[in-house]
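Chains A and B supply the protein sequences, listed in that same order.
All letters in the first sequence, in the order written, are residues -18 to 153 by my numbering.
All letters in the second sequence, in the order written, are residues 237 to 653 by my numbering.
Hints should not be assumed to be uniformly reliable.
Pairs of lysine to aspartate or glutamate residues, derived as EDC-like cross-links and limited to a Cα-Cα distance of at most 16 Å, are as follows [unchecked claim]: (1) A:Lys13 - B:Glu309; (2) B:Lys275 - A:Asp16; (3) A:Lys(-5) - A:Asp95; (4) A:Lys128 - B:Asp258; (5) A:Lys13 - B:Glu316; (6) A:Lys22 - A:Asp38.
Computed spacing ranges between beta-carbons, pair by pair [unchecked claim]: (7) A:Thr129 - B:Gly493: 24 to 34 Å; (8) B:Lys472 - A:Thr129: 32 to 42 Å; (9) A:Trp96 - B:Gly607: 35 to 45 Å; (10) B:Asp279 - A:Phe151: 20 to 30 Å; (11) A:Lys22 - B:Arg318: 24 to 34 Å; (12) A:His146 - B:Gly325: 19 to 29 Å; (13) A:Asp152 - B:Tyr426: 21 to 31 Å; (14) B:Asp500 - A:Asp95: 32 to 42 Å; (15) B:Tyr426 - A:Asp95: 16 to 26 Å.
Since the hints were made in silico from the structure, they are not lab data.
Idealized CB from N, CA, C, for every residue including glycine.
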Amino acid sequence: MNVMRLEGRAHRFKPNDDINTDYIISGRYKFKISDMNELAKHVMEDISPAFASEVRDGDMIVAGRNFGCGSSREQAPRALKAAGVAAVIAKSYARIFYRNSFNIGLPLVTCDTDWILGGETVSVDFENGVVSGTDSGGSAEFHPLPKTMQVLLEDGGLIPHIKKHGGFSFDE
Amino acid sequence: MGKTIVEKILSSHSDSDCRAGDIVVASVDYCMAQDGTSKLMIDELDALGFEAPKTKGGMAAVLDHSSPSPSVEVSRIHEEIRRFANGHGVTIHDVGAGVCHQLIPESGTVLPGNLVVGADSHTCTYGALNLCSTGMGSADVAAAAHTGKLWFRVPETHRIRVDGTLGDFTGAKDLILALIGEVGADGATYKSTEFSGDTMTSMSMDGRMTMANMVVEMGAKFGPFPYDEVTSAWYKSIGVATGGGVISDDDAEFEKGIDIDASDIVPKVAAPHRVDNVSDVSDHSDVEIQQAFLGTCTNGRLEDLTVAARILKGRQVNRGVRLIVAPASRRVLIEAVKTGVAETLLSSGAIIIAPGCGPCVGTHAGIPSDGENVVSTANRNFMGRMGNNNGVSIYLASPQTVAASAIRGRITDPREL
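Let the sequences and hints guide you as you build the complete structure.
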């Protein structure tokens, strides 16, 4: 995946900070359901029961600090991706979720998010490192992705990366 | 400039002289996955053409999170994991053996100085044994199993020094909850924590595992304890000679230092629905409870069961309360039977269920009803965590507080009994 620009509708939640992976996809589903498209019907259910039916392809999740804390379940970013979420924009991420997302090809953007309105269209310009909103008129800059994460996204995730290179290859 | 434990372990595993901030590809000694994360990992390993684990010490698959199976769907996943393990030289810990984070340590398969990854966020527990161990997603663990290696960013270290004596009825759980309450759920994100001080030196291995287990609840990646006499004695007790371990150099660079006086710590709870929502047990004495849970990778070990039994001896669980006990492993349960702890628990009215994760993650074995309050020795109290999101509140506490609360039927400071 080599995305330079994304545009989509922003979804915000309560709570804003520390949205954990249990909230992203509950343990009571992840043990029973292996099909990500089925699992996608339950994403964010415990904090926003309507989200799974409202989300459209290309939409983005916007949050505060420590998004994705808690369990290591890779089903969390996978179910978000299967639900159509194109990217997450948050102030910071928990580390396991951060790795998992790039491993399965879901881009994460780290920047100030207080200004982003729920429901507005946001665009993410990866080339110039800018997020902007149409209704709020706000914008925020973000640092380019670390090299490791860029390589993983370009290769389509960790497993395709290893298949392609026969191991880890972040240097060239 | 000297090195921290994590800088030493990642250097030795990457044939480099790495420091905090560096990115290294390191060889991994051991890896594991459990029944909630193995299915994705198996699919990913199939895509890679996986034959057998390349991690030096091998690999384990543990059926613990939903075990024994409560449904046909889970039974099918368990069967697929068994087939996978048997076909690829992976050690299987089947239903009833216990929780992964007790089984991997007590089976002697991970050693001081090792680098270990597991598809479970509480894999950081083995830090208690003086090693670098962390939770990852299924793809990362698949990559480690298939290649024997994984990439790591070398974390900065927060040194947490605890001195002084913990009071009666106060233990490792109260200490780690107090710390998480202090620094917050992201207070150590991407960092390694290193515990030191005389409280830590005198703490048992069971207590250390409780502490290391919960470092991820403040965001940490690794939580290694220094190697000492407790480490070597514990390995000796399971029949393993260690040949030494790893400690930080005196002139190692720590990003941050936190000092705690253990004598200031009183029994604590993490109130709903955040692990860092920590206050004194006595602040919640008006909360009636319907379920009490003693177990998990945090507090299901022999010492935990023993301190709870000491409080429950000669007393009865309140008629309005279900006290569910899930021993962390079969070995823990056998010891609890031998020492009379199991009989004390059962005589008080406790329900002992199969060794494993029990109702912690909400798939089976004690899902609370609508609007109920639960006091639990687990490590997470998120909304819906125990399988019901309809007004259920989970209060995290020590084994002593859970036992005292089960007797009174309300959240109770164990010092009152």
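>> Against the range 20 to 30 Å, how does the distance between the Cβ atoms of Asp279 (chain B) and Phe151 (chain A) compare: consistent or not?
In response: Given range 20 to 30 Å: holds, Cβ gap about 24 Å.
Satisfaction of hint between Asp258 (chain B) and Lys128 (chain A), Cα-Cα up to 16 Å = holds, 12 Å
Hint check for Arg318 (chain B) and Lys22 (chain A) - Cβ pair distance inside 24 to 34 Å
Roughly 29 Å apart at Cβ, these two residues keep to the hinted range, so it holds.
Quiz prompt | Pair hint Lys22 (chain A) and Asp38 (chain A), alpha-carbon separation not exceeding 16 Å | solution = holds, 13 Å
Quiz item: Within a Cα-Cα threshold of 16 Å, do Lys(-5) (chain A) and Asp95 (chain A) meet the stated pairing?
Solution: At roughly 13 Å apart (the allowed maximum being 16 Å), Asp95 (chain A) and Lys(-5) (chain A) satisfy the hint.
Just to be sure I understand the hint, the distance between the Cβ atoms of Thr129 (chain A) and Gly493 (chain B) should be within 24 to 34 Å; is that true here?
holds, 29 Å
Review point. Are the Cα atoms of Lys13 (chain A) and Glu316 (chain B) separated by 16 Å or less?
Key: Holds - the C-alpha atoms of Glu316 (chain B) and Lys13 (chain A) are around 13 Å apart, at most 16 Å.
Q | Trp96 (chain A) paired with Gly607 (chain B), Cβ distance criterion 35 to 45 Å | A | holds, 38 Å
**Request:** Using the Cβ atoms, figure out if Asp152 (chain A) sits within 21 to 31 Å of Tyr426 (chain B).
**Result:** holds, 22 Å
Is it true that His146 (chain A) and Gly325 (chain B) lie within 19 to 29 Å of each other by Cβ? Since His146 (chain A) and Gly325 (chain B) have Cβ atoms about 25 Å apart, the given range 19 to 29 Å holds.
Confirm or reject the claim that Tyr426 (chain B) and Asp95 (chain A) have a C-beta distance inside 16 to 26 Å. holds, 22 Å
Quiz prompt | Asp95 (chain A) and Asp500 (chain B) - C-beta distance against the hinted 32 to 42 Å | solution = With Cβ atoms ~36 Å apart, the hint holds.
Consistency with the previously given hints is maintained throughout, with no hint failing.
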